[in-house]
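Asker: For this one, chain A is given, so just place chain B on it according to the hints.
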Amino acid sequence: MNDFVIETKQLTKIYGEQTAVSSVNLHVKKGRIYGLLGRNGAGKTTIMKMILGLIPITSGEVDVLGRNIKGQEKRVYPRIGAIIETPGFYPNLTGTENLEIFAKLRGTAAPHAVENALKVVGLPYKDKKLFSKYSLGMKQRLGIANAILHDPELLILDEPTNGLDPIGIAEVRDFIKNLSVERGKTILISSHILSEISLLADDIGIIDHGVLLEESSMGELEKKNRKYILLQVSDIPKASLILERQFSLKDYSVQDDHTLRLYDTALDMGEINKALVTQNVTVISSQLCNDTLEDYFKKITGGEGIA
Amino acid sequence: MSVYLLFALVLTLLIIAYLVSVLQRIQTQLTLMKDALEDIENGNLNRRVLATESDMTRQICYGINEIAINSQSRLIQQKHSEQAYKRLMASLSHDVKTPLASLVGYLEAIESKIVVGEEKDEYIHVASNKAQHLKHFVENLFEWVKLDSGEQIFHFEIFDLNELSRNIIADWIPFLENSHFEYEFDIPETEYSIHIDANAYTRILNNLLQNIITHSEGDNMALRIFENEQQAKIVITDNGKGISSDNLPHIFERMYQCDHSRVAKGNGLGLSISKELVSAHRGTITAASIPGSGTTFTILLPKAL
Numbered sequence: 001m002n003d004f005v006i007e008t009k010q011l012t013k014i015y016g017e018q019t020a021v022s023s024v025n026l027h028v029k030k031g032r033i034y035g036l037l038g039r040n041g042a043g044k045t046t047i048m049k050m051i052l053g054l055i056p057i058t059s060g061e062v063d064v065l066g067r068n069i070k071g072q073e074k075r076v077y078p079r080i081g082a083i084i085e086t087p088g089f090y091p092n093l094t095g096t097e098n099l100e101i102f103a104k105l106r107g108t109a110a111p112h113a114v115e116n117a118l119k120v121v122g123l124p125y126k127d128k129k130l131f132s133k134y135s136l137g138m139k140q141r142l143g144i145a146n147a148i149l150h151d152p153e154l155l156i157l158d159e160p161t162n163g164l165d166p167i168g169i170a171e172v173r174d175f176i177k178n179l180s181v182e183r184g185k186t187i188l189i190s191s192h193i194l195s196e197i198s199l200l201a202d203d204i205g206i207i208d209h210g211v212l213l214e215e216s217s218m219g220e221l222e223k224k225n226r227k228y229i230l231l232q233v234s235d236i237p238k239a240s241l242i243l244e245r246q247f248s249l250k251d252y253s254v255q256d257d258h259t260l261r262l263y264d265t266a267l268d269m270g271e272i273n274k275a276l277v278t279q280n281v282t283v284i285s286s287q288l289c290n291d292t293l294e295d296y297f298k299k300i301t302g303g304e305g306i307a
Numbered sequence: 001m002s003v004y005l006l007f008a009l010v011l012t013l014l015i016i017a018y019l020v021s022v023l024q025r026i027q028t029q030l031t032l033m034k035d036a037l038e039d040i041e042n043g044n045l046n047r048r049v050l051a052t053e054s055d056m057t058r059q060i061c062y063g064i065n066e067i068a069i070n071s072q073s074r075l076i077q078q079k080h081s082e083q084a085y086k087r088l089m090a091s092l093s094h095d096v097k098t099p100l101a102s103l104v105g106y107l108e109a110i111e112s113k114i115v116v117g118e119e120k121d122e123y124i125h126v127a128s129n130k131a132q133h134l135k136h137f138v139e140n141l142f143e144w145v146k147l148d149s150g151e152q153i154f155h156f157e158i159f160d161l162n163e164l165s166r167n168i169i170a171d172w173i174p175f176l177e178n179s180h181f182e183y184e185f186d187i188p189e190t191e192y193s194i195h196i197d198a199n200a201y202t203r204i205l206n207n208l209l210q211n212i213i214t215h216s217e218g219d220n221m222a223l224r225i226f227e228n229e230q231q232a233k234i235v236i237t238d239n240g241k242g243i244s245s246d247n248l249p250h251i252f253e254r255m256y257q258c259d260h261s262r263v264a265k266g267n268g269l270g271l272s273i274s275k276e277l278v279s280a281h282r283g284t285i286t287a288a289s290i291p292g293s294g295t296t297f298t299i300l301l302p303k304a305l
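Going down the list, the sequences are from chains A and B.
Here the numbering used here is used: position 293 in the first sequence is 293, and no number is missing along the way.
Here the numbering used here is used: position 42 in the second sequence is 42, and no number is missing along the way.
No lab work stands behind these hints: they were computed from the structure.
A hint or two may mislead.
[As the list claims (entries may be wrong)] Subject to a maximum C-alpha distance of 27 Å in a straight line, what follows is the list of computed DSSO-like cross-link-like pairs (lysine-lysine):
#, chain 1, residue 1, chain 2, residue 2
1, A, Lys119, A, Lys177
2, B, Lys34, A, Lys70
3, A, Lys29, B, Lys135
4, B, Lys34, A, Lys227
From a predicted model like this one, the values you see are computed outputs, not experimental measurements.
So here's chain A without its partners, still in its complex pose (with noise of 0.2 Å):
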């Protein structure tokens, strides 16, 4: 058994002439975030919709929860909550109501599912206002309420936070955030916003015209985020000495035994060079990172960068 919760394999999309998706290869992990990148128009809905079954798939092929997905509808849609586009609720009955509804239908998995789903989400429990009064806002977050209302192990989540003010984005970005952090839900989340995903996502997809351009963990792309020189050499005492009292530098850090991080990247590295040198310290190499996450996306996706 592989720890991949989705994993799609030469994904392809095609509508008449139009390629929408084209041969994606994605893999979300077991209790994490994915967050899945790329321009309105990317194809990010397009995955999605797929990887739940709402639109055909042209070719390739969708594994979900260690199933493939087809012919398997049955046993594994109970176990996903998701939310595409905007959700469909009675726009007659207050959101209470609505909840209610769907836990017949879908069944639950503790008492009180409702009373905590919108506990979660933070709307109020048996409150008379009608789901058409709601304002955009509310009615997402009342669609994310009926995603886990049923304690899913996986979320799909389509811009969950479109339409909300940024007090909102905040909230909603720290619950969805706990839902895998404390309760370790898997989640694959779209969004158009670079900094959106970059605060919350462990994996990040990022697709530009259909193609997934990149997969990699968080972690690995801000190490291309850092600025920093990277400085090695023969002996770090005497280095870091040299580095305090002729450069008056005190932000650095000692990495191992040959290696320092200089986080100025505003030095004359020419000097420091040859400040060691002329002291008997070899320097073996000296390598400035200097790339934001922002240039990063902008060199993958071919100059136009994201948001």
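Answerer: Frame of chain A, contents of chain B only:
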């Protein structure tokens, strides 16, 4: 007669049909449960068995779920503390290795007589400061480990909180003045007896005040105490740079430092230690902040333990 017989027959058939349908529903439920149990046994503690209000098996389904939920949360807790220790080890490598390397550098320079006279004295002074800093860090670290593993022993006695607080603050006034802080203290003149470990309480206030001096970048601080029958509220505010809402939820976590550059002056243990000490008194400590205009720490301590 035959009408009755027919009626009874139809009724029996209906009842049988009903029972068969119930049986089928239970059958599917049982298959689901078997599936889920196998999955849970294989380690998927997120698996749930769903049931609706009318299901006869509802209680059993919910029971299975509860067991899975409880084991899951225990497992997650365990994972969190493992991660915390990993982080601790990783930051140790920075907090100890870096100052130690430069300390060795200074000492080597002195030993090999590269520096002489006044410069030598200055090198010795810097080296000594670095050694002090390291000592302080290691002490803090041990204190935190002791608290975290529950080995710390507390001595709760009855003290006058107001008197105790005044004594602690008296020691801080010179430091505040040296750091160019204006201060305001508002502590009731009355006596307020409380069950407290005096050393721990001193430590809590010391850490918070130290935190203001080293990190807030403000020039004004206040400590106010409000008391009632149930609890005492200690509010410490500053007018410094504040803490952003991204950082605020994490400041009591061990090794969390808002300042991501490596020059951080503290060691990321002070607030974490304060929180542990406050919880040992069954109290709470919270922080609120407006970036750019200051931070407020609020401690609530129950009068009786």
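Asker: Next step is simple, just say for each hint if it's right about the structure.
Answerer: Status of the hints after comparison with the structure:
Restraint check: the Cα-Cα separation between Lys119 of chain A and Lys177 of chain A comes to about 16 Å, which is no more than 27 Å; the hinted pair holds. Distance restraint check for Lys34 of chain B and Lys70 of chain A: the Cα-Cα separation of roughly 22 Å lies within the 27 Å cut-off, and the hinted pair is therefore satisfied. Under the criterion of a C-alpha separation no larger than 27 Å, the hint pairing Lys29 of chain A with Lys135 of chain B is inconsistent with the structure, at around 42 Å. For a cut-off of 27 Å, the pair hint linking Lys34 of chain B to Lys227 of chain A is broken: about 53 Å separates their Cα positions.
Of the numbered hints stated above, those contradicted by the structure are hints 3, 4, listed in ascending order.
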